[in-house]
Structure formats: structure tokens, C-alpha cells
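Student: The residues making up each chain are set out below.
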Amino acid sequence: MSRGIRGNEARYGWAFTAPAILIIGVFLVLPILLALWVSFSDWNGLGSPLGNSEFVGGVNYAKVLVDSGLAQRDFGTSIRNNLYYVLLVVPLQTALALFLAVQVNRRMLRGRGFFRTAFYFPSVTSSIAITTIFIFLFTSSGAVNQVLGWLGVNGPNWFADPRGVLHLLLGGLGVDGSGAAAAGGPLGLSWWDWFAGPSVAMCVLIILAIFTTSGTFMLLFLAALQNVGAEIEEAAAVDGAGPFRTFFSVTLPMLKPTLFTVLTLGLIGTWQVFDQIYLTGRGAPAKTLLTPAFLAYDTSFSDLKWGQGAAISFILFGIIVALTLFQRWVLRDRDAGRAGRRREVRAVARLHRDAESVRAAGTAVPEAAASEGRER
Amino acid sequence: MLTGCSGGGGGSDSGNGSELTILIGSSGPAETKAVQDAADTWAADNDAKVKVIAADDLNQQLSQGFAGDDAPDLFYMAWDQFANYAGNGYLDTYAKDLKNAKDFYPSLVDTFTFDGDFVCAPKDFSTLGLIVNTDMWAAAGLTDADVPTDWDSLEAVAKKLTTGDTVGLSFGLEYARLGVFMNQAGGTLVDKDGTKATADSPENLAGLEYVQKLHDEGVLKFPSELDAGWGGEALGAGKAAMVIEGPWIKGIASDYPDTKWAAYELPAGPEGKSTFTFTNCWGIPANSDTRDAAVSLVEYLTSDDQQLAFADAFGVIPSTESAAASYAEKYPDYASFVASNDYAVSPVNFAGSASVVGDFNASLEGMASGNVDLKGILGTFQEQLQAALDEANG
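Heads up: the sequence lines are chains Z and H, in that order.
For our numbering, count along the first sequence from 1 and bump the result up by 896.
For our numbering, count along the second sequence from 1 and bump the result up by 275.
Hints were generated in silico from the structure; no laboratory data involved.
Computed from a predicted model, the values in this text were never measured in an experiment.
Among the clues, some could well be false.
Facing chain Z, according to a computed beta carbon distance under 8 Å, are these residues of chain H, among others [as the list claims (entries may be wrong)]: (1) N334; (2) Q335; (3) A342; (4) A414; (5) G641; (6) Q657; (7) Q661.
Each residue gets a CB set at the ideal place from its N, CA and C atoms; glycine is no exception.
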């Protein structure tokens, strides 16, 4: 067991990482473990959870997931609201960010610096400030409705409107919440409630989220785009690819790692939406802005059901991890798949055959080999 | 916050050098200063120091304090959170032993009674009244004789006061306002024993239907429909001629100094008069080292003289019957709020009721758009209320 020339490195390694480990441990890992304990305990919020609470098993989780009642329905409502929020915000903000990044990456664009700053600006502004401005813009006699008024549209009372967008659409088609739709769905909500869609108020928050976060993600895409060399696009152009073909078949695949980052960050951020909810009326109108993150806070701090609040947080944690893994699986490198390998083997065999026939037939044959290739 | 020399063993009339922290949910600088001044006067007599902190978010700061073993020595405890706190053992049950325990209004004592014990001393109260914009009242040709006394006359004056830009009546779309109509129709939410929910009664439905009717007729609009944050704003901005609010309506004076108003008792319903009373108490944390000093301070703060001083400073109504009577004499504009406390009830309040009422409020929001199944709403409310009651009663 000779220690060798690098024998002391481990010790220095630990010494240098110790401050970080200590800080992360004390301020991150321990609190998370403590919260995990709270979610399995009957802690009532008096004194430290250690020593003032008893293990109660999965009761807190059962209250929000299994036992029918207000807690379960609130949780179901918050999941529904947040699900529509994620489904709309993540794809739209990613697409918008990518679009903006491509635009400000063009060498021909004048005033690129200005546009880059302008698009990034909402991201550096505090979400509280932007939300407050949105609340003013979207009051029933606010600027947005004034503009809609010029167009002859009678705008809704945005932040006070709990009607689901899908319900409005379905209502227009004459479908209502009776019959099969009224049957009970998961988490204490009927299927009709699940298919409410985002409420009008939630739509405003969706617009707000897309507006504020696409700038940040534009920056990520921009950095990635600048790593895609001009020669690659040139090569694609020489091969006869048009701008759309170049973008979707050449540029976009090269952005895949960034795309994964952006989607993951978007997914995590949207599932944790809190400050906008806190500011726009704590879940009002009619709980259509309630999100799991806010519900966890409210259950803990207002209802003093700390265990239940912690349980909601950990369920939310589980949802985020599961969805991130799912998304990783969707975006995995497909070339490594079995079909891809078969295709590769076939292509190599073909090349070998062609080379074989060229060698066998001498100079006159390339013509034949080429035609053979074409047949294939 | 607590110092080593804090004296837990001292007599109940002495601070014995304690340092106390009071956490209040302040309505503004006037209230914070008045509480600090009063506390300083007590502290000077009792060899103590008191620091008053105005909370940004009282609930959150309180629960954080309790979780961190660092609760304030004395704090405002709102009626709607009281049962949650008492039920979780957060509060010291000191009020039943106060010298002036008998002086408080019975309805307020009732609000702060948990498991049969009077827990904490009410610091003031507010009732709901009908607030009328007097200029609009006169412009519509109405006189004192027209002040509504029942539902029909309320509807009639609301119709008269509704003009192109102004709606006759406005109040928040929530149980804390609509509940008075349910009570006036003879409804209750919980039976006398406190074991059975009675939310889905025909009386409660009648109360809601009356509100719905006024709204359908266009003589009632909710503040959110008028671009107002609450009823007072709607009244002040001239968007509503009448609102249902409490004595805090005086706060609109700073934003709308030109709006003149008068307050009356709420009109009676089919089953008589009813209104809500809202109140806060002085909470003392359980097992506090400074309990005795804090109790002595509460005794001082709830004395008639001191409560009247608070009334002068920031307009709250004293919680003792004698002080409230002097208050009504001194401030005749607010006398109706005092008078209506004789029959006022506290909104439903037991451990866990807050979230059920919150859910009821959320479902009421459909009333603004008109298409709402009131019976269904009350049915759900009944179910949830019963479940919460069963849990609270163990």
C-alpha cells in the first residue's frame, strides 16, 4: 500500500471541498432531511421538529393523495392548474427563446446589441414588479381591455375570471359538465373539472411567464448557437439545404444539449411557480391559480398543518424528478438505438460491396456501381 | 429577545426588568406609534422594556416564530386563525384570570373561548354596517326616513341609487359579507352543540338567493366587477352608493377625502337583525418565560382608559362594554357599529374551519358571472364543514 507521489492529494481534495460540503450540508441537505421527517410526522409547528413530534407514517401523504376531502381536492386542483401552466409555458417559452436567439444571432441584423438587451430585460426584472404591472394592465378597465375595446372586443375581467378556457370552448360547442364528464376522476376532481383548461386568470400568468423567462433561455440558446460554426452552415448550403432544412436538420440537432437544459430548467421553474400566485390573490379566483408550491406554503403557515405541507412539497419534488427523467428519455440520443445500429451495419456493408465491385471491374465499372447504388 | 434577567417568578403586576416584544399587524404608523406609546408607559411603571414590531405578514411571522422557539411575547391574534392556534396548543390561556375578564362583550369572549376556557383578551372589535354615500343619497331624493330596515327596502333604495356610473350596493364576494344575509334569513353554519354542520339549510339558501337576485337586477355589483380592491374603494371612488363594511371605512379618508359617508345598522332579514363582529385578541405564547409580565401588560392595554386612547389614535372600538359605550357617545358617526354588537355574531370559527370557508369563498366567486348552482355550493360546503367539524371534535 504505497501512497505514491499523489498520496496527499485526497487529503487536500477534502480540505478544499470541505467548506462547500459543510455549507450545502447545513443549509440544504439537513433542512431537506428535516422536512422529509416533518412530512412523516405530526409536528404542530411548536419548537424544533426533532423531539416535538412523533412518526405517523404516511398519514400526511394519504390526506392529500387518497382520503377524499378538502385537502385532496385542493391538491388535485393545484396539480390541474399547474399542469396546464407547464403544458403551455414550457413549449411556448422554449420555442420563443429559440426563435429570438436565432434572430439576434444573425450577422445581418442591425442593432443586435439593442435587441439582445431588450429581449433579456424582462428576465432581470423582479417577478414581483412585473406581476404588479401585469395586474394593472389586466384589470377590467386596464390598458389591455382598452386596446381590445378599440378592436370591438369586450375583454374579460382577467384576474377575476375563474372560467376555464377549455370549458369556454366546449361550452361554445354545446358540451357541458353533465353525463360521463361528471364522473369522478382522480384526486377528488371530476373529469369535467380536470378538463377545465387554464382559467382566464391563469392565461395571464402563462403569458407573463413566457414573457419573462424566454429572455433567459434565449441567452442559453444564443451561446449554443455561437458554438455552431459558420462552416457547418456553409457546408449544408453547399449540399443544397435551404434555410429551414439547415435549421431543423443541422442546427437544431447540434443544440440538443442546450435544449435539454432549457426544457429541464423550464420544467422545474414552472412546477415551482409561487411569487406570482402569492401576489395575485393567493389562488383566487376560485382557486384556479392555486399551485402545489403555494398550497404547501398555505397549508403549513396558515392552516398549521406542517406535515401535510411538507408532504405536498415532497410529492411536488417527485413529480419534477419523474418528469425530468421522462424528458431525458424522450431526448436521448436515438442513433445509439438498435434500429440505428442496424442501419449503420447495413450502410457499412453497402460501402464494402461498392468498393469490392469497383476493384473487381476496374475503370469502366464506377458507372455500374453508381447505378447499382441508385437502385438501392 | 429574552434576556437572562427576565423574571418569570415575579408578581403579576410587575415586569421585573423583562424585555418584551410585541408583534402587531398594524394598520399604519398611527397604530404602531399608539401601541408603542402605551407599552412604554406601562414599561416605565414596571421596570421593563417593550419593543413593538409591525409585521408585514403577521400569520407567517407568527408561525415562523413559534417554529423557531422564538415567538413574540405578545401578539395580535386574529379571530379566523385563533382556533387553529389554540387547537395546536400555541396559546396561553390567561384571559379567564384577568381582573377585567367580566368587562368584555360576551360575543367577543365567545370568539376567544376554546374548550370552555376564555383564552385571550379581545383588544377591540368591528361590526359590519351599511355605509352610505350621503351626497348620492341626497341626490337620489332619499332622506333619513328611507334608511333601509328590511330586505325589501334595501332592494328599493339600491334600485334608486343605481345610475349609469354608479351601482346601488357593493360588498365583497365572500362568506364574511354574504354570511350576514344567510344569518338574517335565519341560517347558521353549525348547530348549538357545535357537532353538526347546518350549511345546506333552506335559510342559508334564501340568504344567498337574495344576494343573487340583487346582483341579477344589476343593483349590486361586487368590488372586483367595479375595478375596486374592496367595498371601501368602490364607495370612495363613487362607483357604489352603499357598501357593507366595518368602522375601518374611515381609512378611505386619505385616498378619497371628498367622499362623505354615514354608517347605519344593517337592515334586518326575514328572521331579524344580524351582523358579523370581527375581533383580535392579545395572544401570549404557551410556556412563555415572560408570561406574567405580558399578562400585566395586557391588563393595562385592555383597560378602559387605554382602549379609549387607542380609539382616539386609530379608530378601533373598545372591547369592553363600558368603554364602547363612552366611545359611541364620543364618536356618534360610529355609534351604529357599537349598537349592532348587541346582536352580532362571530363568523364560524373552529380549528380547520378557515380552509373550508376559504373553499366556500372560492366557489362563491362564480356568482359574479351569474351561472352558479347555489344549492350545490351549499351542499359541498356542508360536506366539508361536517368533515372539518368531526376532525376538530376528534
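Student: Should the hint that H:N334 touches chain Z count as held when the rule is a Cβ pair under 8 Å?
Tutor: At 6 Å from the nearest chain Z Cβ, H:N334 passes the 8 Å test, so the hint holds.
Student: Could you check if H:Q661 really has its C-beta closer than 8 Å to a C-beta on chain Z?
Tutor: 11 Å, violated
Student: Would the hint on H:Q657 be counted as holding, given a Cβ-Cβ threshold of 8 Å to chain Z?
Tutor: 12 Å, violated
Student: Less than 8 Å between beta-carbons is the criterion; does H:G641 satisfy it with respect to chain Z?
Tutor: The hint holds - H:G641 has a Cβ within 8 Å of chain Z, the shortest such distance being about 7 Å.
Student: Under 8 Å, Cβ to Cβ, is where H:A342 needs to be relative to chain Z, so tell me if that hint holds or is violated.
Tutor: 5 Å, holds
Student: Let me know if the C-beta of H:Q335 comes in closer than 8 Å to any C-beta of chain Z, holds or violated.
Tutor: Given a least distance of 5 Å, the restraint on H:Q335 holds.
Student: A closest beta-carbon separation below 8 Å is what the hint needs, so does H:A414 meet it against chain Z?
Tutor: 24 Å, violated
Violation of the numbered hints given earlier is confined to hints 4, 6, 7; the remaining hints are satisfied by the structure.
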